[in-house]
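The opening residue of the sequence shown carries number -18 in this note's numbering; numbering runs sequentially from there.
Hints listed in this document are in silico derivations from the structure and should not be mistaken for laboratory results.
Please read all numbers here as calculations on a predicted model, not as lab measurements.
The beta-carbon is built from N, C-alpha and C at its ideal position, and this holds for glycine as well.
Among these hints, one or two may not hold up.
[To be verified] Pairwise CB distance ranges (calculated):
1) 16 <-> 174: 34 to 42 Å
2) 38 <-> -18: 51 to 59 Å
3) 50 <-> 186: 30 to 38 Å
4) 138 <-> 231: 23 to 31 Å
[As the list claims (entries may be wrong)] With a straight-line cut-off of 25 Å between C-alpha atoms, the simulated DMTMM-like cross-links for lysine to aspartate or glutamate are:
5) 251 <-> 233
6) 200 <-> 148
7) 248 <-> 103
8) 200 <-> 165
9) 124 <-> 106
10) 178 <-> 196
11) 248 <-> 120
12) 178 <-> 237
13) 124 <-> 74
14) -5 <-> 50
15) -5 <-> -15
16) 200 <-> 183
17) 251 <-> 204
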Amino acid sequence: MTPDQWLRLNPLPKNEARMLLQHAGGYSRIELVTRGGDEMPDSVRQHADMLVQRRLNGEPVAYILGVREFYGRRFTVNPSVLIPRPETEHLVDAAIGRLPECGSIWDLGTGSGAVALTVALERPDAFVRASDISLSALETARKNAADLGAAVEFAHGSWFDTDMPSERQWDVIVSNPPYIENGDIHLSQGDLRFEPKNALTDFSDGMSCIRALAEGAPKYLVDGGFLLLEHGFNQGGAVRGVLVAHGFTEVETLTDLAGLDRVTFGKYMKHLK
-18 MTPDQWLRLN
-8 PLPKNEARML
2 LQHAGGYSRI
12 ELVTRGGDEM
22 PDSVRQHADM
32 LVQRRLNGEP
42 VAYILGVREF
52 YGRRFTVNPS
62 VLIPRPETEH
72 LVDAAIGRLP
82 ECGSIWDLGT
92 GSGAVALTVA
102 LERPDAFVRA
112 SDISLSALET
122 ARKNAADLGA
132 AVEFAHGSWF
142 DTDMPSERQW
152 DVIVSNPPYI
162 ENGDIHLSQG
172 DLRFEPKNAL
182 TDFSDGMSCI
192 RALAEGAPKY
202 LVDGGFLLLE
212 HGFNQGGAVR
222 GVLVAHGFTE
232 VETLTDLAGL
242 DRVTFGKYMK
252 HLK
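All chains, please: the whole structure from these sequences, using the hints.
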């Protein structure tokens, strides 16, 4: 069987089938075109068929391939970390836009490190810390940092309680915390079925981690520092209310390309307290 024949017969969307065949056979996209009529080795076809079955069983393509592109870079991913999504690039853009020259930023719940590493690579003048409660997630983030050449300080712990206490005050604190409400039907659908549940949901109302971050951040922010949080499309109003209740000013919600609420931020002015 040739690659062209295999792709024609494949039940998956063509783009997914092509990526899986490239992975199985080590083909580049150009090679799939120029060698599309050549016979495939049986071992390649069998491997590709196995990958297709995994996808038909619902496993995310990113986990099958072991990589996902984010902000134009390839990040290693596995079932210990969330799959980076394009919507989170809005969080990165918003954080970079509020990070002063030679500033400092702390990414809490870093997962694969997509946010922290991207900031470090886009803003090499900044001091970047990434923390997570999951040791396996931190291992993945450290691998990505090494692969991409990103200078990041890593810490292990739950939110602000980490194994690397610091005297530093942060210009920006950023997080994409678990914000899906416990029992939400989306947790049992699509790719979310395979992603780490404790990175998706707080097993409560979807707001408990956001409240904890808003309560804890002022202690660690510089005067005039920013807290930025990614959240669900229907949580903008609630998140703004939480930030205001904890003394943040200039609170605003940014929308994603679909026009949905995605990132809420606020400034903390200590000298006004």
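Hint check:
1. 16 <-> 174: 34 to 42 Å: Distance hint for residue 16, residue 174 holds at roughly 35 Å.
2. 38 <-> -18: 51 to 59 Å: Given about 22 Å between the Cβ atoms, the range is violated.
3. 50 <-> 186: 30 to 38 Å: holds, 33 Å
4. 138 <-> 231: 23 to 31 Å: Because 29 Å falls inside the window, the suggested range holds.
5. 251 <-> 233: holds, 19 Å
6. 200 <-> 148: Given pair residue 200, residue 148 holds - Cα atoms ~11 Å apart, limit 25 Å.
7. 248 <-> 103: OK: residue 248 and residue 103 at ~22 Å, within 25 Å.
8. 200 <-> 165: Not OK: residue 200 and residue 165 at ~33 Å, beyond 25 Å, violated.
9. 124 <-> 106: Given pair residue 124, residue 106 holds - Cα atoms ~21 Å apart, limit 25 Å.
10. 178 <-> 196: holds, 24 Å
11. 248 <-> 120: violated, 32 Å
12. 178 <-> 237: holds, 24 Å
13. 124 <-> 74: holds, 23 Å
14. -5 <-> 50: holds, 18 Å
15. -5 <-> -15: holds, 11 Å
16. 200 <-> 183: holds, 23 Å
17. 251 <-> 204: Measuring from Cα to Cα gives roughly 5 Å; hence the hint holds.
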